[in-house]
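Can you build the whole structure from these sequences, using the hints too?
There are 2 protein chains.
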Amino acid sequence: MPEVENAQNVIALLKSLRAVRQFRPDPVPQEVVDAVLDVARWSGSASNQQSWEFVVIHNQETLRALAALEGFAAHLAGAALGIVVVMAGDQGQVEQETFDEGRVSERMMLAAAAYGVGSSIGWFKGRGRAAVKQMLGIPENKLVRTAISFGYPDEEARRARPKPAQARKPLSTLVYEERYGVRWQH
Amino acid sequence: MPEVENAQNVIALLKSLRAVRQFRPDPVPQEVVDAVLDVARWSGSASNQQSWEFVVIHNQETLRALAALEGFAAHLAGAALGIVVVMAGDQGQVEQETFDEGRVSERMMLAAAAYGVGSSIGWFKGRGRAAVKQMLGIPENKLVRTAISFGYPDEEARRARPKPAQARKPLSTLVYEERYGVRWQH
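Going line by line, the protein sequences match chains A and B. For the first sequence, the tail end lands on 186 under this note's numbering, and the numbers increase by one without skipping. For the second sequence, the tail end lands on 186 under this note's numbering, and the numbers increase by one without skipping.
One or more of the hints may lead you astray.
Listed below are the simulated DSS-like cross-link pairs for lysine-lysine, each with C-alpha atoms no more than 30 Å apart in a straight line [to be verified]:
{"no.": "1", "chain 1": "A", "residue 1": "15", "chain 2": "A", "residue 2": "169"}
{"no.": "2", "chain 1": "B", "residue 1": "133", "chain 2": "B", "residue 2": "15"}
{"no.": "3", "chain 1": "B", "residue 1": "142", "chain 2": "B", "residue 2": "169"}
{"no.": "4", "chain 1": "A", "residue 1": "125", "chain 2": "B", "residue 2": "142"}
{"no.": "5", "chain 1": "B", "residue 1": "125", "chain 2": "A", "residue 2": "125"}
{"no.": "6", "chain 1": "A", "residue 1": "133", "chain 2": "B", "residue 2": "142"}
Simulated DEER-style distance windows between Cβ atoms [claimed, not checked]:
{"no.": "7", "chain 1": "A", "residue 1": "74", "chain 2": "B", "residue 2": "159", "range": "48 to 58 Å"}
{"no.": "8", "chain 1": "A", "residue 1": "126", "chain 2": "B", "residue 2": "159", "range": "44 to 54 Å"}
{"no.": "9", "chain 1": "A", "residue 1": "74", "chain 2": "B", "residue 2": "130", "range": "39 to 49 Å"}
{"no.": "10", "chain 1": "B", "residue 1": "125", "chain 2": "A", "residue 2": "64", "range": "19 to 29 Å"}
A few chain B residues that face chain A, going by a derived Cβ cut-off under 7 Å, partial list only [what the hints assert, rightly or not]:
{"no.": "11", "residue": "11"}
{"no.": "12", "residue": "19"}
{"no.": "13", "residue": "37"}
{"no.": "14", "residue": "39"}
{"no.": "15", "residue": "42"}
{"no.": "16", "residue": "44"}
{"no.": "17", "residue": "50"}
{"no.": "18", "residue": "111"}
{"no.": "19", "residue": "114"}
{"no.": "20", "residue": "175"}
{"no.": "21", "residue": "180"}
Since the hints were derived computationally from the structure, they do not count as laboratory data. Each residue gets a CB set at the ideal place from its N, CA and C atoms; glycine is no exception.
Here's what the structure looks like:
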């Protein structure tokens with residue numbers, strides 16, 4: 001484990017990561033995409049299965065077509081690139097694959113954030129899932145639900161957005177001590 | 001988003017996170033536990049549902065009892081503390097809750113790692129799941145599978161371990177460009 005000189009910086013990054021859905025048109029440098037993928041590659045997974053593959057999409061036409069599918073991935077339309085996460089689709093491992101998909105997605109977003117690149121998780125549902133596979137030539141037996149948008153945040157669009165910043169529940173309602181129901185006192 | 005002066009440091013931390021299953025007996029400072037929980041609190045989730053609660057366990061007897069349950073959580077027995085992740089258990093949201101559980105677990109591990117504290121994901125299966133709920137007084141309708149061990153890594157035990165470091169697949173077998181099957185050329 002490398003010496004991280006300033007743990008507070010890392011904690012600040014971890015606490016500050018927010019979904020970014022409005023992007024500037026600027027491209028994301030290859031160096032950043034490489035770092036995101038390398039971080040994904042080194043993510044942990046149940047029994048080190050690494051049941052993931054990634055389709056990196058820069059083509060704006062493809063991104064717009066993905067954005068239009070059933071689900072919650074409209075933000076892909078304005079992204080500099082998208083990464084579609086392809087899980088193995090092992091029927092006996094759906095639970096672990098879903099958990100690991102969450103882990104690897106989170107790490108990719110954090111890797112991008114380290115370079116000031118924003119991201120958001122897109123989620124296909126219903127017929128959108130079969131459509132993604134058909135569109136990208138992904139075998140039917142794979143489990144495909146997630147596409148992550150990446151791009152530099154459009155701060156002006158964000159400020160103009162009427163929606164307030166997403167709040168979080170206070171720790172006092174989330175954390176118990178030794179036993180469920182015993183409130184955390186710190 | 002805070003200015004992270006050295007993106008390379010963050011990337012190094014993200015790439016270097018490995019499961020730690022052998023811990024020194026030293027306690028983990030309250031400051032670190034607080035940071036881990038605060039990072040958990042600020043994690044992203046589908047529709048900002050924050051469907052998680054956390055039971056923090058320092059009691060060594062409880063940790064040993066949890067370690068003995070059906071699943072893969074034996075490492076809890078030697079940990080300074082464990083955090084059991086309690087998801088809401090909404091029947092219509094199992095997939096999202098599982099994905100979000102992976103996201104929040106990953107962030108907690110990274111927060112600990114920023115302070116040099118190791119961690120490992122424990123996973124209950126079969127009858128172990130009902131047993132955890134009963135043991136900790138968690139309502140039956142909740143979804144409980146994950147307990148994360150935390151503690152300072154026992155480097156000597158790690159070096160003595162015959163098992164080699166966990167390898168990862170090369171990017172060339174994991175990444176496609178624009179379309180599944182088209183190998184990444186970078």
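### Hint consistency between residue 125 (chain B) and residue 125 (chain A) [alpha-carbon to alpha-carbon, up to 30 Å]
holds, 27 Å
#### Entry: Agreement of hint residue 114 (chain B) with chain A interface, Cβ distance less than 7 Å
holds, 4 Å
### Task
Assess, step by step, whether the Cα of residue 142 (chain B) is no farther than 30 Å from the Cα of residue 169 (chain B), and give holds or violated.
violated, 35 Å
### Query
For the hint on residue 180 (chain B), does the least C-beta distance to chain A fall short of 7 Å?
holds, 4 Å
### Query
Hey, does the residue 42 (chain B) contact hint survive, CB to chain A under 7 Å?
Constraint on residue 42 (chain B) satisfied, holds at 4 Å.
### Query
Is the interface hint for residue 11 (chain B) satisfied, with its Cβ closer than 7 Å to some Cβ of chain A?
At 5 Å from the nearest chain A Cβ, residue 11 (chain B) passes the 7 Å test, so the hint holds.
### Query
Do residue 74 (chain A) and residue 159 (chain B) keep their Cβ atoms within the hinted range of 48 to 58 Å?
Because 50 Å falls inside the window, the suggested range holds.
### Message
For the restraint on residue 50 (chain B), tell me whether the closest CB of chain A is nearer than 7 Å.
### Response
Since chain A brings a Cβ to about 5 Å from residue 50 (chain B), closer than 7 Å, the hint holds.
### Message
Between the beta carbons of residue 74 (chain A) and residue 130 (chain B), is the distance compatible with 39 to 49 Å?
### Response
Between residue 74 (chain A) and residue 130 (chain B), where Cβ atoms are some 40 Å apart, the hint holds.
### Query
Between residue 133 (chain B) and residue 15 (chain B), is the straight-line Cα distance small enough, at 30 Å or below?
violated, 34 Å
### Query
Quick one, is the residue 111 (chain B) hint okay against chain A at 7 Å, beta carbons?
holds, 6 Å
### Message
Check the hint pairing residue 133 (chain A) with residue 142 (chain B) against an upper bound of 30 Å on the C-alpha distance.
### Response
The given pair, whose Cα atoms are some 33 Å apart, is violated under the 30 Å limit.
Comparing the model with each numbered hint stated earlier shows that hints 2, 3, 6, 10 do not hold.
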